[in-house]
Amino acid sequence: MSLLLILIVSFRCEYPKRDKLRKEERVNIYVFVKRVPDTESKIRINHEANTINEEGLNFVLSPYDEYAVEEALRVREAGSGKVTVITVGTEEALTTLKKCLAMGADEAVLLKDETPETYDGLRTAKIIARAMEKKFADHTMLLFGKQSVGADNAQVPSMVAELLGLPQANVATKLKIEGNKGIAHREIEGALEKVSLSLPAVISAQKGLNEPRYETLKGIMAAKKKEIPVVTLADLDLKDEDVAPLLEVIKLESPPQRQAGRVIEGEPEEAAKQMVKFLHEEAKVI
Amino acid sequence: MILVFIETREGKVKKSSLEVLSEGKRRAGDLNTEAHAVLIGHGIEGLAPGVFPFGASKVYVLENTLLSHYSASGFSQALVSLVEEIKPEIILFSASSMGKDLAPRVAAKLGVSLATDCTVTACKAGKLEVTRPIFAGKALATISFKSSPQIASLRPNVFPLLEPGATEGEVVKKDVVIPEDQVKGQVDEILREEGAEMDVTEADVVVSGGRGMKGPENFDLLKELTSIIPHSAVGASRSAVDAEWIDHQHQVGQTGKTVSPNLYMAFGISGAIQHLAGMSSSKFIVAVNKDPEASIFKVADFGIVGDLFQVIPPLKEELKKIISE
Chain A
4 MSLLLILIVS FRCEYPKRDK LRKEERVNIY VFVKRVPDTE SKIRINHEAN
54 TINEEGLNFV LSPYDEYAVE EALRVREAGS GKVTVITVGT EEALTTLKKC
104 LAMGADEAVL LKDETPETYD GLRTAKIIAR AMEKKFADHT MLLFGKQSVG
154 ADNAQVPSMV AELLGLPQAN VATKLKIEGN KGIAHREIEG ALEKVSLSLP
204 AVISAQKGLN EPRYETLKGI MAAKKKEIPV VTLADLDLKD EDVAPLLEVI
254 KLESPPQRQA GRVIEGEPEE AAKQMVKFLH EEAKVI
Chain B
80 MILVFIETRE GKVKKSSLEV LSEGKRRAGD LNTEAHAVLI GHGIEGLAPG
130 VFPFGASKVY VLENTLLSHY SASGFSQALV SLVEEIKPEI ILFSASSMGK
180 DLAPRVAAKL GVSLATDCTV TACKAGKLEV TRPIFAGKAL ATISFKSSPQ
230 IASLRPNVFP LLEPGATEGE VVKKDVVIPE DQVKGQVDEI LREEGAEMDV
280 TEADVVVSGG RGMKGPENFD LLKELTSIIP HSAVGASRSA VDAEWIDHQH
330 QVGQTGKTVS PNLYMAFGIS GAIQHLAGMS SSKFIVAVNK DPEASIFKVA
380 DFGIVGDLFQ VIPPLKEELK KIISE
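Chain order of the listed sequences is A and B. Numbering-wise (our numbering), the first sequence opens with residue 4 and increments by one. Numbering-wise (our numbering), the second sequence opens with residue 80 and increments by one.
It is worth saying that the hints were derived from the structure and are not from the lab. Incorrect hints may appear among the rest.
Calculated pairs, DSS-like style, for lysine-lysine (alpha carbon to alpha carbon, straight line, at most 25 Å) [as the list claims (entries may be wrong)]:
(1) 166(B) / 197(A)
(2) 400(B) / 276(A)
(3) 138(A) / 85(A)
(4) 203(B) / 254(A)
(5) 399(B) / 280(A)
(6) 179(A) / 263(B)
(7) 254(A) / 225(B)
(8) 377(B) / 362(B)
(9) 377(B) / 280(A)
(10) 188(B) / 137(A)
(11) 206(B) / 166(B)
(12) 188(B) / 242(A)
(13) 302(B) / 276(A)
(14) 395(B) / 287(A)
(15) 377(B) / 276(A)
(16) 287(A) / 91(B)
(17) 400(B) / 287(A)
(18) 137(B) / 91(B)
(19) 94(B) / 197(A)
(20) 177(A) / 263(B)
(21) 252(B) / 104(B)
(22) 184(A) / 263(B)
Given the sequences, and given the hints that come with them, work out the whole structure.
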């Protein structure tokens with residue numbers, strides 16, 4: 004019994020020291036996520052409103068954002084720090100933020116924006132950059148998915164980096180942080196670029212960066228109880244004209260349907276011969 | 080005037096940039112204006128003659144030792160200083176890895192919006208109008224710009240090259256001034272995977288394998304095909320990548336790359352909606368699959384119902400014959 008007491012006391016004594024160390028080394032990681040229709044979705048268009056018909060779609064955390072959240076958690080676990088997940092959107096995106104909390108993020112914030120999808124990356128980047136300056140000036144790292152699955156813009160990370168004057172490494176498949184320096188490998192055509200960064204920096208995640216974890220039951224329970232603060236555009240002193248879209252969507256349409264061609268069965272030799280004949284004589288691509 | 084950013088890698092001009100220049104020249108014709116090109120780097124003036132034939136009447140060469148290695152911050156500062164001086168109406172990039180990294184940074188610096196990865200461009204009433212796939216090609220959005228200059232990046236492998244024209248034109252050399260502390264996130268080196276040849280987004284022919292390949296070793300069969308077919312690359316479906324049979328940079332589909340080669344060859348790929356989204360804009364598609372009901376046959380121009388392991392060897396011999404002729 005007394006031994007146990009000594010143990011407890013000694014742990015208690017250790018604690019303040021560690022805590023102090025933590026504060027000095029603490030990395031404040033902000034991860035930006037988006038709620039999107041899952042990749043299985045068939046996309047239908049509402050031609051009158053020039054929008055995607057959201058009815059019946061199953062919304063998820065955008066797949067590349069999962070890698071970003073996971074990487075943030077790993078950076079925190081390797082050293083110390085805080086992971087805050089942020090989304091720009093309506094209250095429907097709270098579910099997406101809850102998922103990130105359940106994965107292990109410390110905090111979540113909704114930057115509330117009721118405007119329907121504009122496909123204008125600069126608009127989103129302006130909102131995020133303003134929020135970072137006004138509310139989250141303690142940022143040491145900004146993590147994004149390399150693009151949202153949907154708008155497929157791949158613009159917001161670079162634009163935020165520019166607006167905040169930070170270095171960037173997009174489409175990262177490897178990230179190493181040491182002190183206030185980082186090294187990222189970013190995927191390019193048939194190769195990787197090794198990029199050196201000094202923190203704070205913007206990094207966007209590509210598949211292959213890590214293997215995202217599943218939420219735990221404990222995480223889900225904790226996430227349920229967590230308050231998610233809401234920051235409005237007015238809180239950020241953003242007026243309508245500051246965030247007016249500078250792109251206009253004139254038309255949304257479905258892609259042309261491909262016609263099924265010839266399908267043959269039979270002897271492999273003969274079938275192969277016919278395929279090559281098709282490629283050479285009809286398609287003229289070989 | 081339309082300004083086109085010309086990307087260079089390891090002392091060479093990228094073909095995808097020349098595709099963009101060709102398209103820029105076509106739009107310049109609509110607008111009764113000229114297409115100009117810009118090269119950024121160090122010791123790159125010698126590349127200008129290779130740019131003129133694809134439609135540029137003028138090539139700007141922006142040089143500084145700080146630009147010898149790519150960085151979005153350094154390149155965007157150089158480009159924006161030129162843009163402020165010459166005031167183009169339209170700026171075009173390739174939606175290559177570099178273009179996708181750089182264009183948004185340039186747009187944000189200029190305070191204008193950007194259309195990424197466009198597959199169609201047109202001019203209406205003196206303004207640019209672009210069409211870009213969204214949801215990995217499950218829908219198409221046609222977009223116009225309310226800010227100026229109008230900036231877009233164009234998908235590689237979609238826009239045809241012009242018949243090469245004049246090899247001479249005006250070279251305007253500029254030494255750009257960039258404060259050293261403003262160059263951030265520079266590329267230290269380029270790491271090339273051994274045997275990593277051409278990227279699926281740039282290849283004329285993509286030879287792809289799916290779950291039907293049964294294991295990583297069988298991707299060698301596809302590599303044998305790409306070794307015969309000029310300008311070809313090995314692709315893969317998500318299930319093959321998730322099974323770790325091949326690296327994810329080969330993945331075609333909604334969480335991989337979207338490709339539009341002249342020919343897409345699908346071996347043992349069933350054709351999940353995410354995969355079809357990533358390759359349906361290929362000019363021709365052929366498929367080999369055991370299952371006659373596989374969705375891939377709904378988009379294929381030519382399909383063989385059969386065992387890919389029996390079809391590939393004679394296919395390889397037939398291709399060899401035709402290509403060597």
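For each hint, the structure was consulted:
no.: 1; hint: 166(B) / 197(A); result: violated (34 Å)
no.: 2; hint: 400(B) / 276(A); result: holds (11 Å)
no.: 3; hint: 138(A) / 85(A); result: holds (15 Å)
no.: 4; hint: 203(B) / 254(A); result: holds (14 Å)
no.: 5; hint: 399(B) / 280(A); result: holds (13 Å)
no.: 6; hint: 179(A) / 263(B); result: holds (17 Å)
no.: 7; hint: 254(A) / 225(B); result: holds (15 Å)
no.: 8; hint: 377(B) / 362(B); result: holds (15 Å)
no.: 9; hint: 377(B) / 280(A); result: holds (21 Å)
no.: 10; hint: 188(B) / 137(A); result: holds (20 Å)
no.: 11; hint: 206(B) / 166(B); result: holds (15 Å)
no.: 12; hint: 188(B) / 242(A); result: holds (20 Å)
no.: 13; hint: 302(B) / 276(A); result: holds (20 Å)
no.: 14; hint: 395(B) / 287(A); result: holds (17 Å)
no.: 15; hint: 377(B) / 276(A); result: holds (22 Å)
no.: 16; hint: 287(A) / 91(B); result: violated (29 Å)
no.: 17; hint: 400(B) / 287(A); result: holds (15 Å)
no.: 18; hint: 137(B) / 91(B); result: holds (19 Å)
no.: 19; hint: 94(B) / 197(A); result: holds (23 Å)
no.: 20; hint: 177(A) / 263(B); result: holds (18 Å)
no.: 21; hint: 252(B) / 104(B); result: holds (21 Å)
no.: 22; hint: 184(A) / 263(B); result: holds (12 Å)
Comparing the model with each earlier hint shows violations of hints 1, 16; every other hint is respected.
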